[in-house]
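Participant: Residue numbers (the numbering used here), protein chains in the order written: chain V, 1 to 261; chain G, 1 to 261; chain C, 1 to 261; chain L, 1 to 261.
The hints are simulated quantities; they were obtained by calculation from the structure and are not laboratory data.
Note that the structure is a prediction, hence the values are computed from the model and not measured.
Where a beta carbon is used, it is the ideal one built from N, C-alpha and C, also for glycine.
A hint or two may mislead.
[Stated by the list, open to error] Covered stretches of chain C (in silico footprint by chain G; criterion: 3 or more residues with CB under 8 Å from a CB of chain G, positions within the stretch not fixed):
1) 198 to 211
2) 228 to 237
3) 240 to 246
[Unchecked claim] PhoX-like mimics (lysine-lysine), calculated; alpha carbons at most 20 Å apart, straight line:
4) G:18 <-> V:210
5) V:210 <-> G:235
6) C:229 <-> C:210
7) G:210 <-> V:210
8) G:229 <-> C:31
9) G:210 <-> V:18
10) V:54 <-> G:258
11) C:210 <-> L:18
12) C:229 <-> L:210
13) C:229 <-> C:18
14) V:229 <-> L:229
15) C:18 <-> V:229
16) G:210 <-> V:235
17) G:210 <-> G:258
18) V:258 <-> G:54
19) C:210 <-> L:229
20) L:54 <-> L:18
21) L:229 <-> G:229
[Unchecked claim] Beta-carbon label-pair distances, calculated as ranges:
22) C:3 <-> L:242: 47 to 55 Å
23) C:233 <-> L:242: 33 to 41 Å
24) V:133 <-> C:77: 42 to 50 Å
25) L:2 <-> C:233: 41 to 49 Å
26) V:18 <-> G:122: 38 to 46 Å
Protein chains: 4
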Amino acid sequence: MVNPLEFGETVLLIEPQKNRTYMIDLLEGSKHHTHQGSIEHSDIEGREEGEEVKSNTGCSFLVFRPRVTDRMLKVRRKTQIVYPKDAGWLIMALDLFPGARIIEMGIGSGAFTILMAQLVGEEGKIFSFDRREDFMDNALTNISRSGYENRVKAEILNAGEPFPVDNVDAVFLDLPNPWAAIPAAYSALAPGRPLALIVPNAEQLKEAVKCLNDNGFSAAESIELLERKMLVRQKEGVRPLERMVGFTGYLVTARKMKENK
Amino acid sequence: MVNPLEFGETVLLIEPQKNRTYMIDLLEGSKHHTHQGSIEHSDIEGREEGEEVKSNTGCSFLVFRPRVTDRMLKVRRKTQIVYPKDAGWLIMALDLFPGARIIEMGIGSGAFTILMAQLVGEEGKIFSFDRREDFMDNALTNISRSGYENRVKAEILNAGEPFPVDNVDAVFLDLPNPWAAIPAAYSALAPGRPLALIVPNAEQLKEAVKCLNDNGFSAAESIELLERKMLVRQKEGVRPLERMVGFTGYLVTARKMKENK
Amino acid sequence: MVNPLEFGETVLLIEPQKNRTYMIDLLEGSKHHTHQGSIEHSDIEGREEGEEVKSNTGCSFLVFRPRVTDRMLKVRRKTQIVYPKDAGWLIMALDLFPGARIIEMGIGSGAFTILMAQLVGEEGKIFSFDRREDFMDNALTNISRSGYENRVKAEILNAGEPFPVDNVDAVFLDLPNPWAAIPAAYSALAPGRPLALIVPNAEQLKEAVKCLNDNGFSAAESIELLERKMLVRQKEGVRPLERMVGFTGYLVTARKMKENK
Amino acid sequence: MVNPLEFGETVLLIEPQKNRTYMIDLLEGSKHHTHQGSIEHSDIEGREEGEEVKSNTGCSFLVFRPRVTDRMLKVRRKTQIVYPKDAGWLIMALDLFPGARIIEMGIGSGAFTILMAQLVGEEGKIFSFDRREDFMDNALTNISRSGYENRVKAEILNAGEPFPVDNVDAVFLDLPNPWAAIPAAYSALAPGRPLALIVPNAEQLKEAVKCLNDNGFSAAESIELLERKMLVRQKEGVRPLERMVGFTGYLVTARKMKENK
Numbered sequence: 001m002v003n004p005l006e007f008g009e010t011v012l013l014i015e016p017q018k019n020r021t022y023m024i025d026l027l028e029g030s031k032h033h034t035h036q037g038s039i040e041h042s043d044i045e046g047r048e049e050g051e052e053v054k055s056n057t058g059c060s061f062l063v064f065r066p067r068v069t070d071r072m073l074k075v076r077r078k079t080q081i082v083y084p085k086d087a088g089w090l091i092m093a094l095d096l097f098p099g100a101r102i103i104e105m106g107i108g109s110g111a112f113t114i115l116m117a118q119l120v121g122e123e124g125k126i127f128s129f130d131r132r133e134d135f136m137d138n139a140l141t142n143i144s145r146s147g148y149e150n151r152v153k154a155e156i157l158n159a160g161e162p163f164p165v166d167n168v169d170a171v172f173l174d175l176p177n178p179w180a181a182i183p184a185a186y187s188a189l190a191p192g193r194p195l196a197l198i199v200p201n202a203e204q205l206k207e208a209v210k211c212l213n214d215n216g217f218s219a220a221e222s223i224e225l226l227e228r229k230m231l232v233r234q235k236e237g238v239r240p241l242e243r244m245v246g247f248t249g250y251l252v253t254a255r256k257m258k259e260n261k
Numbered sequence: 001m002v003n004p005l006e007f008g009e010t011v012l013l014i015e016p017q018k019n020r021t022y023m024i025d026l027l028e029g030s031k032h033h034t035h036q037g038s039i040e041h042s043d044i045e046g047r048e049e050g051e052e053v054k055s056n057t058g059c060s061f062l063v064f065r066p067r068v069t070d071r072m073l074k075v076r077r078k079t080q081i082v083y084p085k086d087a088g089w090l091i092m093a094l095d096l097f098p099g100a101r102i103i104e105m106g107i108g109s110g111a112f113t114i115l116m117a118q119l120v121g122e123e124g125k126i127f128s129f130d131r132r133e134d135f136m137d138n139a140l141t142n143i144s145r146s147g148y149e150n151r152v153k154a155e156i157l158n159a160g161e162p163f164p165v166d167n168v169d170a171v172f173l174d175l176p177n178p179w180a181a182i183p184a185a186y187s188a189l190a191p192g193r194p195l196a197l198i199v200p201n202a203e204q205l206k207e208a209v210k211c212l213n214d215n216g217f218s219a220a221e222s223i224e225l226l227e228r229k230m231l232v233r234q235k236e237g238v239r240p241l242e243r244m245v246g247f248t249g250y251l252v253t254a255r256k257m258k259e260n261k
Numbered sequence: 001m002v003n004p005l006e007f008g009e010t011v012l013l014i015e016p017q018k019n020r021t022y023m024i025d026l027l028e029g030s031k032h033h034t035h036q037g038s039i040e041h042s043d044i045e046g047r048e049e050g051e052e053v054k055s056n057t058g059c060s061f062l063v064f065r066p067r068v069t070d071r072m073l074k075v076r077r078k079t080q081i082v083y084p085k086d087a088g089w090l091i092m093a094l095d096l097f098p099g100a101r102i103i104e105m106g107i108g109s110g111a112f113t114i115l116m117a118q119l120v121g122e123e124g125k126i127f128s129f130d131r132r133e134d135f136m137d138n139a140l141t142n143i144s145r146s147g148y149e150n151r152v153k154a155e156i157l158n159a160g161e162p163f164p165v166d167n168v169d170a171v172f173l174d175l176p177n178p179w180a181a182i183p184a185a186y187s188a189l190a191p192g193r194p195l196a197l198i199v200p201n202a203e204q205l206k207e208a209v210k211c212l213n214d215n216g217f218s219a220a221e222s223i224e225l226l227e228r229k230m231l232v233r234q235k236e237g238v239r240p241l242e243r244m245v246g247f248t249g250y251l252v253t254a255r256k257m258k259e260n261k
Numbered sequence: 001m002v003n004p005l006e007f008g009e010t011v012l013l014i015e016p017q018k019n020r021t022y023m024i025d026l027l028e029g030s031k032h033h034t035h036q037g038s039i040e041h042s043d044i045e046g047r048e049e050g051e052e053v054k055s056n057t058g059c060s061f062l063v064f065r066p067r068v069t070d071r072m073l074k075v076r077r078k079t080q081i082v083y084p085k086d087a088g089w090l091i092m093a094l095d096l097f098p099g100a101r102i103i104e105m106g107i108g109s110g111a112f113t114i115l116m117a118q119l120v121g122e123e124g125k126i127f128s129f130d131r132r133e134d135f136m137d138n139a140l141t142n143i144s145r146s147g148y149e150n151r152v153k154a155e156i157l158n159a160g161e162p163f164p165v166d167n168v169d170a171v172f173l174d175l176p177n178p179w180a181a182i183p184a185a186y187s188a189l190a191p192g193r194p195l196a197l198i199v200p201n202a203e204q205l206k207e208a209v210k211c212l213n214d215n216g217f218s219a220a221e222s223i224e225l226l227e228r229k230m231l232v233r234q235k236e237g238v239r240p241l242e243r244m245v246g247f248t249g250y251l252v253t254a255r256k257m258k259e260n261k
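Bound conformation, chain V alone (with noise of 0.2 Å):
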């Protein structure tokens, strides 16, 4: 069942002496260069997940495949990401299935898309909007590495216009304006489908959540999430972190109501 690592595949490469962790894509004849010393990629090539190399200087580095999570956090970066933390409330807000049909507006650097991607399987589709061509480029680029490409349909589109696709199984907004993107989220959503979305400022929260009681959709519910790491040491004790990220967005998500008419 052992299923090596090939040239062409990314790995992941975690330093664990000093927690550095490297997304690399293995390539024949390829060096990867670290504060630790320098590994050849033919090293790693037909390695089993899990296993160790080492560097020319002798440090110890363990190759994996790198899991979803991973692949968030490696994106090249054009914009801030949604992290690990609020991508998992994210995928519970918004009920996502294999063979979901989704729609996303605000690609972004794509790291959600790559999730979303994963978790609507082979069957499923995300339909990722950005007004920004540079942002999707990049987007598009960090989402090819993950090998998702087939199931994200990216085009560029400005919040406000109507979305080219509808009856999709969950609407997410990633937008500094989510207010102006929420009619057209209520039209392309299947009836009583999820919508959620994210925002940094409680300006923009409140605004959001007033533009979704409005516009037909109803049990809105905002929350926002502390990751608190813990530090174990079998040694010295049991404590949280000192350092802490101490916020990243607010989340909210709500269902579409039947229009009364």
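Starting from the known structure of chain V, arrange chains G, C and L on it as the hints suggest.
Facilitator: The following block gives chains G, C and L in isolation, referenced to the frame of chain V:
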């Protein structure tokens, strides 16, 4: 594209004023009683998701198909469940995908099983174990109600016994003594694949991380998540809610390394 | 050095099993009724702090003189009070010291007044203002019970009116519209001295900080505090408590600059 | 009522643009060098608190007398200090008042000693102990700079040795092994009076609470505090800051019971 609610389905009723929800099985001739009056199931049948129905006392309810989060929160509980905030993080840690084969030890009330079953899809499989027959029976009833029973293979097993399946894509442990199952989890996992676990106490966290490090796992990461609801009122203002769940559990994830022999 | 409890004193009864506390005024001939039976005040009189007394049903209580935190939490409330976690931070922000002269606008129920009165001592003075006579009366009754009534000078005043005292060492504002009182606070403060305020909503926070910046204050700092109780059990283990207060208010502090003329 | 800054005083310089602060001793003929240019001390002398001075490169600074929080944060550190957020809570737990006599075991760098010295006033006394002469020397230098040296009586002592003072109003322990000092703290405390302690790890928290319960203390309460800074921008909006201190320590308080003999 409208797909009306039918008898035999599970339906979520939301009472928007009180923020109360009910999950009911729609049955011909039945009636649902609430503090805001009763509703004939035949009044719900044929409705579109997101439509309004009224109780006999004139109180408004919205009808929806339950999202996976609703199904998780509405399981009949014989145990503590994995809450959505933690479930989302665990989905990321376990790197789920359609078609994945997952071991779950500690089926509990089946809430997290339902989520995993939704996400691995029809091609995937959740191998769920528990040592307690009463928990297993209750969990399987909950899972059946979600319609995912064919995606779950459940079996009575004690922590520490080998799992009767191997080369799985991920292992999730929800046990008072997860360390007892860690060596068997190692054997059952495909190379490099992740394990995740949840425990409530600092002492268990310490013991579990030690056991992971001693049994061929690498890159252990331990966290907890705080979810904070926001109160978004257009007139009075925006602020976090006064009440909050302070703690549910410590979450740990790690990846299988290749054994050095 | 033992200093027994006397009639006329305020006494704290702690029921350790249930973690319930009662604050009572010790009166000859009185009896205190609880869910765990009744206690004669004469059974408490003459006891040492920390001593055990029993109710008529055999239930144990510990008797103490109240700490300032107990007095704050046990005021008769006609308003939201400043909670101890926030009060401690505010004490630091206000740079209190024995002998200090402090303005408080929004006496509320007097809880924070009691704390400040304890800390400024007999040489200090708290000038407390409120526009509502009913709040003021209730607060003064609470303050009298603490024995600090001579340290507090209370007066009815509307936010925006000049304070009838100047060169004070600090100003504390607990008002729905603290900005209304900020210019008067500027005039009343000694050079360089601090102001602090508490508000519940993000909009108020924004308006208050703007007003501070526009009215001669510098170095504004805004925070909130989350207090998390720990459950420390020798056998079952250590973990945060499941329930937690999620939010009380935003705290702001700033210092008076010299006006540029 | 203006009270200008004089040579010999300690002065706080705030660089508002960069949010940098400096605490300097004002000396005739001296000059203070910063990344934004240098400032002659004679340019500061005679100023009012809150006044602006300019460096030789034209950069603006505000001059203030330090608040007690500034003094705490600016001590020369040979140890971890008690941070203001925790210090405020501890002040409440210790029920400080002018004239109080307090034991502190683990003087550390003297930051918390300075705060307690300010609050107990000229009539009070802080009895500070530490086993390390180097810590003690550094702490006393820090305390002298605050001008509170007459309020502190410091002595070398090992945890576990009896305290050479009794009937004190409160005891504060900042030690890796606070349990070693708990029996001596019991003996030194006046009846019913509080003890508080701070420890970084869950294991220490557990051991400390056990020791309190076994040695005549009641009503132990254990918490931790999360301080979250808010970013308040008039144009861009209000939100929590992205960076945050995730953890400093667990705080415990308890009260002395009367021994049952």
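Participant: The structure should be examined with respect to each hint, and the outcome stated for every one.
Facilitator: Going through the hints against the structure:
1. Interface restraint, the region 198 to 211 of chain C with chain G: holds (5 residues with C-beta to C-beta distance below 8 Å; minimum three).
2. Only residues whose beta carbon comes within less than 8 Å of a beta carbon in chain G count, and the region 228 to 237 of chain C has 4; three or more means the coverage holds.
3. Note: the region 240 to 246 of chain C has 7 residues with beta-carbon separation from chain G under 8 Å; the three-residue rule is met and the coverage holds.
4. Only pairs whose Cα atoms come within 20 Å are accepted, and residue 18 (chain G) paired with residue 210 (chain V) is accepted, the gap being roughly 19 Å.
5. Of the pairs offered as hints, the one joining residue 210 (chain V) and residue 235 (chain G) holds, with about 11 Å between alpha carbons and a cut-off of 20 Å not exceeded.
6. Between residue 229 (chain C) and residue 210 (chain C) the CA atoms are separated by roughly 34 Å; this puts the pair beyond 20 Å, and the hint is violated.
7. A hinted pair counts as satisfied when its Cα atoms are at most 20 Å apart, and residue 210 (chain G) with residue 210 (chain V) does not qualify at roughly 49 Å.
8. Between the alpha carbons of residue 229 (chain G) and residue 31 (chain C) the distance comes to roughly 44 Å, so the proposed pair goes past 20 Å and is violated.
9. The suggested pairing of residue 210 (chain G) with residue 18 (chain V) holds, with an alpha-carbon distance near 19 Å, which does not exceed 20 Å.
10. Between the alpha carbons of residue 54 (chain V) and residue 258 (chain G) the distance comes to roughly 14 Å, so the proposed pair stays at or under 20 Å and holds.
11. Taking the CA atoms of residue 210 (chain C) and residue 18 (chain L), the gap is near 19 Å; set against the 20 Å cutoff, the hint holds.
12. For the proposed pair residue 229 (chain C) and residue 210 (chain L), the alpha carbon gap of about 17 Å is at most 20 Å, so the pair holds.
13. Among the hinted pairs, residue 229 (chain C) with residue 18 (chain C) is consistent with the structure: their alpha-carbon atoms are about 16 Å apart, no more than 20 Å.
14. About 19 Å separates the Cα atoms of residue 229 (chain V) and residue 229 (chain L), which keeps this hinted pair within 20 Å; it holds.
15. For the proposed pair residue 18 (chain C) and residue 229 (chain V), the alpha carbon gap of about 33 Å is over 20 Å, so the pair is violated.
16. The hinted pair formed by residue 210 (chain G) and residue 235 (chain V) meets the criterion: a straight-line CA distance of about 11 Å does not exceed 20 Å.
17. Among the hinted pairs, residue 210 (chain G) with residue 258 (chain G) is consistent with the structure: their alpha-carbon atoms are about 18 Å apart, no more than 20 Å.
18. In summary, the hint linking residue 258 (chain V) to residue 54 (chain G) is supported, as the alpha carbons are separated by about 14 Å, within the 20 Å threshold.
19. Among the hinted pairs, residue 210 (chain C) with residue 229 (chain L) is consistent with the structure: their alpha-carbon atoms are about 17 Å apart, no more than 20 Å.
20. Between residue 54 (chain L) and residue 18 (chain L) the alpha-carbon distance is near 15 Å, which keeps this suggested pair within the 20 Å criterion.
21. About 18 Å separates the Cα atoms of residue 229 (chain L) and residue 229 (chain G), which keeps this hinted pair within 20 Å; it holds.
22. Range check, residue 3 (chain C) to residue 242 (chain L): Cβ separation about 52 Å, and the 47 to 55 Å hint holds.
23. Between residue 233 (chain C) and residue 242 (chain L), the C-beta spacing of about 35 Å keeps the proposed range 33 to 41 Å intact.
24. With their beta carbons about 59 Å apart, residue 133 (chain V) and residue 77 (chain C) fall outside the hinted range of 42 to 50 Å.
25. For the pair residue 2 (chain L) and residue 233 (chain C), the beta carbons lie near 57 Å from each other, so the given range of 41 to 49 Å is not met.
26. The hint said 38 to 46 Å for the Cβ distance between residue 18 (chain V) and residue 122 (chain G), and at roughly 42 Å that hint holds.
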